[in-house]
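A.B. asks: Here the protein sequences come in this chain order: A and B. Per full-length UniProt numbering, the very first residue in the first sequence carries number 1; after that it's consecutive. Per full-length UniProt numbering, the very first residue in the second sequence carries number 1; after that it's consecutive.
Be careful, since some hints might not be right.
Because identical chains share one entry, a pair is satisfied inside a single copy or across any pair of copies.
When the alpha-carbon atoms are kept at most 25 Å apart in a straight line, the in silico DMTMM-like pairs for lysine to aspartate or glutamate are as follows [as the list claims (entries may be wrong)]:
hint, residue 1, residue 2
1, Lys401, Glu345
2, Lys308, Glu62
3, Lys407, Glu62
4, Lys283, Glu210
The set of hints was computed from the structure by calculation and includes no laboratory data.
Listed here are the chains, written in short residue letters.
Number of protein chains: 2
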Amino acid sequence: MAKHNAFYAQSGGVTAVINASACGVIEACRRHSDRIGHLYAGHNGIIGALLEDLIDTNQESEEAIAALRHTPGGAFGSCRYKLKSIETHRAEYERLIEVFKAHDIRYFFYNGGGDSADTCLKVSQLSETMGYPLTAIHVPKTVDNDLPITDNSPGFGSVAKYVATSTREAALDIESMCSTSTKVFILEVMGRHAGWIAAAGALSGESPEEAPHLIIFPEIAFDRAKVMARIDEAVKHHGFCVLVVSEGAQYADGTFLTDSGSTDAFGHKQLGGVAPTLASMVKEDLGHKYHWAVADYLQRAARHIASKTDVNQAYAVGEAAVELALAGQNSMMPAIKRVSDAPYEWKVEPASLSEIANHEKFMPRDYISEDGFYISEAGRRYLAPLILGEDFPPFENGLPKVAKLKKAKVDRKLARFEL
Amino acid sequence: MAKHNAFYAQSGGVTAVINASACGVIEACRRHSDRIGHLYAGHNGIIGALLEDLIDTNQESEEAIAALRHTPGGAFGSCRYKLKSIETHRAEYERLIEVFKAHDIRYFFYNGGGDSADTCLKVSQLSETMGYPLTAIHVPKTVDNDLPITDNSPGFGSVAKYVATSTREAALDIESMCSTSTKVFILEVMGRHAGWIAAAGALSGESPEEAPHLIIFPEIAFDRAKVMARIDEAVKHHGFCVLVVSEGAQYADGTFLTDSGSTDAFGHKQLGGVAPTLASMVKEDLGHKYHWAVADYLQRAARHIASKTDVNQAYAVGEAAVELALAGQNSMMPAIKRVSDAPYEWKVEPASLSEIANHEKFMPRDYISEDGFYISEAGRRYLAPLILGEDFPPFENGLPKVAKLKKAKVDRKLARFEL
Numbered sequence: 001m002a003k004h005n006a007f008y009a010q011s012g013g014v015t016a017v018i019n020a021s022a023c024g025v026i027e028a029c030r031r032h033s034d035r036i037g038h039l040y041a042g043h044n045g046i047i048g049a050l051l052e053d054l055i056d057t058n059q060e061s062e063e064a065i066a067a068l069r070h071t072p073g074g075a076f077g078s079c080r081y082k083l084k085s086i087e088t089h090r091a092e093y094e095r096l097i098e099v100f101k102a103h104d105i106r107y108f109f110y111n112g113g114g115d116s117a118d119t120c121l122k123v124s125q126l127s128e129t130m131g132y133p134l135t136a137i138h139v140p141k142t143v144d145n146d147l148p149i150t151d152n153s154p155g156f157g158s159v160a161k162y163v164a165t166s167t168r169e170a171a172l173d174i175e176s177m178c179s180t181s182t183k184v185f186i187l188e189v190m191g192r193h194a195g196w197i198a199a200a201g202a203l204s205g206e207s208p209e210e211a212p213h214l215i216i217f218p219e220i221a222f223d224r225a226k227v228m229a230r231i232d233e234a235v236k237h238h239g240f241c242v243l244v245v246s247e248g249a250q251y252a253d254g255t256f257l258t259d260s261g262s263t264d265a266f267g268h269k270q271l272g273g274v275a276p277t278l279a280s281m282v283k284e285d286l287g288h289k290y291h292w293a294v295a296d297y298l299q300r301a302a303r304h305i306a307s308k309t310d311v312n313q314a315y316a317v318g319e320a321a322v323e324l325a326l327a328g329q330n331s332m333m334p335a336i337k338r339v340s341d342a343p344y345e346w347k348v349e350p351a352s353l354s355e356i357a358n359h360e361k362f363m364p365r366d367y368i369s370e371d372g373f374y375i376s377e378a379g380r381r382y383l384a385p386l387i388l389g390e391d392f393p394p395f396e397n398g399l400p401k402v403a404k405l406k407k408a409k410v411d412r413k414l415a416r417f418e419l
Numbered sequence: 001m002a003k004h005n006a007f008y009a010q011s012g013g014v015t016a017v018i019n020a021s022a023c024g025v026i027e028a029c030r031r032h033s034d035r036i037g038h039l040y041a042g043h044n045g046i047i048g049a050l051l052e053d054l055i056d057t058n059q060e061s062e063e064a065i066a067a068l069r070h071t072p073g074g075a076f077g078s079c080r081y082k083l084k085s086i087e088t089h090r091a092e093y094e095r096l097i098e099v100f101k102a103h104d105i106r107y108f109f110y111n112g113g114g115d116s117a118d119t120c121l122k123v124s125q126l127s128e129t130m131g132y133p134l135t136a137i138h139v140p141k142t143v144d145n146d147l148p149i150t151d152n153s154p155g156f157g158s159v160a161k162y163v164a165t166s167t168r169e170a171a172l173d174i175e176s177m178c179s180t181s182t183k184v185f186i187l188e189v190m191g192r193h194a195g196w197i198a199a200a201g202a203l204s205g206e207s208p209e210e211a212p213h214l215i216i217f218p219e220i221a222f223d224r225a226k227v228m229a230r231i232d233e234a235v236k237h238h239g240f241c242v243l244v245v246s247e248g249a250q251y252a253d254g255t256f257l258t259d260s261g262s263t264d265a266f267g268h269k270q271l272g273g274v275a276p277t278l279a280s281m282v283k284e285d286l287g288h289k290y291h292w293a294v295a296d297y298l299q300r301a302a303r304h305i306a307s308k309t310d311v312n313q314a315y316a317v318g319e320a321a322v323e324l325a326l327a328g329q330n331s332m333m334p335a336i337k338r339v340s341d342a343p344y345e346w347k348v349e350p351a352s353l354s355e356i357a358n359h360e361k362f363m364p365r366d367y368i369s370e371d372g373f374y375i376s377e378a379g380r381r382y383l384a385p386l387i388l389g390e391d392f393p394p395f396e397n398g399l400p401k402v403a404k405l406k407k408a409k410v411d412r413k414l415a416r417f418e419l
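I would like the entire structure built from these sequences, with the hints used as guidance.
C.D. replies: Structure, rendered in structure tokens:
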């Protein structure tokens, strides 16, 4: 069989396990060294391909590549950059082909979420639209869990585990102090459009009798009076109330809570943070002592508390992508298919990229309890297996060890290109 | 030897390892069942003693007590309640003696920080001032690390490990995205009066060449222009800047950054959060894209990433407290004494409570770098060993298991008492 090179890039917001997918891709490529010569990683995602800014992963030691499996962030750099349509931006596509030709790249692996799937789809059409023989495979990744077809998106299970664990731990803290101190604790988590991550907070307990007592989903219109009544009820009943709130919490008219018009002394809009916004409502309406936390990047970077299920799936889709490519399955994505809930069983199955790109998977209404403040049993059945298993990284001097890569750059063969 | 009962209570803000101290106290008492009959825990700290609200720890299984070692929060409830002076509040002290007499309590273990040490000191004087034979021992605990004499305070090492780990993980996330996304990341940590916790963030890297690039201490007067210049420099040099900022960050005149006079649209003071305050300065002065996180209770409850050194020390001071009490050493506190930095060696030594109560230990200026934005080598030598070792809790269904206690209440023998 002819031997050609491959390209891999990370795209969009990174996760605790995107490098586990990179590890899967790289190790699979190495096992197929008879057919794949060099695997080049794009420095900062697709931008690396456009700028001919390539890292030769063949220069990395086996140990360094293995360490990617337990290293958060995007080891080769990621980007937020969406290819425009080929009709209006033909030059970008021509440049990609020029770079691929110059480096004999015939396999393209793109590791990202919904927007990236669209980019990958466009690249996968290059063979047809521009006559360049390329096999493009999308490797799924997103903490938002909004990719369709696949049971879940690698990256989500680990955020879910972080949020559920943090909620359980913080709830014990608040419970022990509530007789004379904080009565309401608000944890803000990611999820601008869908409440998947907030929903995972519910795994901390068995029912709203245990913390968290309340979840604020972006899918359920925020009703201040109702929410405050529920908080007050929990404080009266349990002595304290723990809430998990999605950053995307919004009113019925679609206004985000964080865009509620508050301004600071200089007349500037108050900076993000639905947690402090909600806290101020608690103070005004109920007068309870509160505390709030905003997990932000900590949640999607928390590799130290990653879900083993998630790490395994992230690796598996990376590995499967290479097999698909070598089988000539252009324009596909390895998806996770759930075989059973309990015990949780799953396998990887190919899905057509055209069914993935530009489709968002929202949380089904029936995963949320009828009153809109908690998850349903169906929601729990879906979520519970995704946080199963621990996969602690090795530690050194008390801290998680991370991969140290050489990131040897590939010599440029082409003229510069302006983005 | 005569056999009497003992009392144990948790006081002030709880930590990830205060229950490990409880475990040490309880297991040591059980080993001395010839001299200590029942160990009663105060429900909600000293309030439990005043209200005769006692939990009989003898009713708990060995397994449940062992599980305290890996359970965050305060298992018996804690409180913020400081005994006033005996001169003005004699009735409270008389009540304590009444409760102790009614339940034959002759040993008093109080697990807390600086304010609690003062309460314990007052209780330890009861034998002298009011003729009741009681041996009172303070068990040190505080994430603030501000107790004197002891090398460090149990609870601090685990927060330090959480902050250093989270900083390292988040920094990898930001680094991978900085070419097209967030350039400045701000992590707010606890420490109203001292920068110990913020300082621990520096353990994430080896020097300010690695993240975090900047630490904002409460001990160093905040100078907006200087800080912004440093942030901009880091962004230019590294492509991104990670800051760890203490919630106690303040201007030269002692005004907290969080009290900077910002108000929302309703004219209310903007709610806490030095991180969003600093973020708004970054936006105004530099225009860089930013993100911020506020760890709040997550940091002091994060038992899943506790320092093994900290867990061992927390247990050891609990155990030592019982030995001191049985040796008749009234008004003492088992303190941690550092024997060597590297390899880190430590032992427990008794310290007199009068030297502990009402003395605060601040961060020595020479633990901070000369420019005020980082730790010094001396600071690193002090901090580094405290985060050593991991002590992961057992997990079940993907989540940390926590102790389930019966908390059997002791029958009341006295009339009610009003606080």
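A.B. asks: Which of the numbered hints are not met once you compare them with the structure shown?
C.D. replies: No numbers; nothing is violated.
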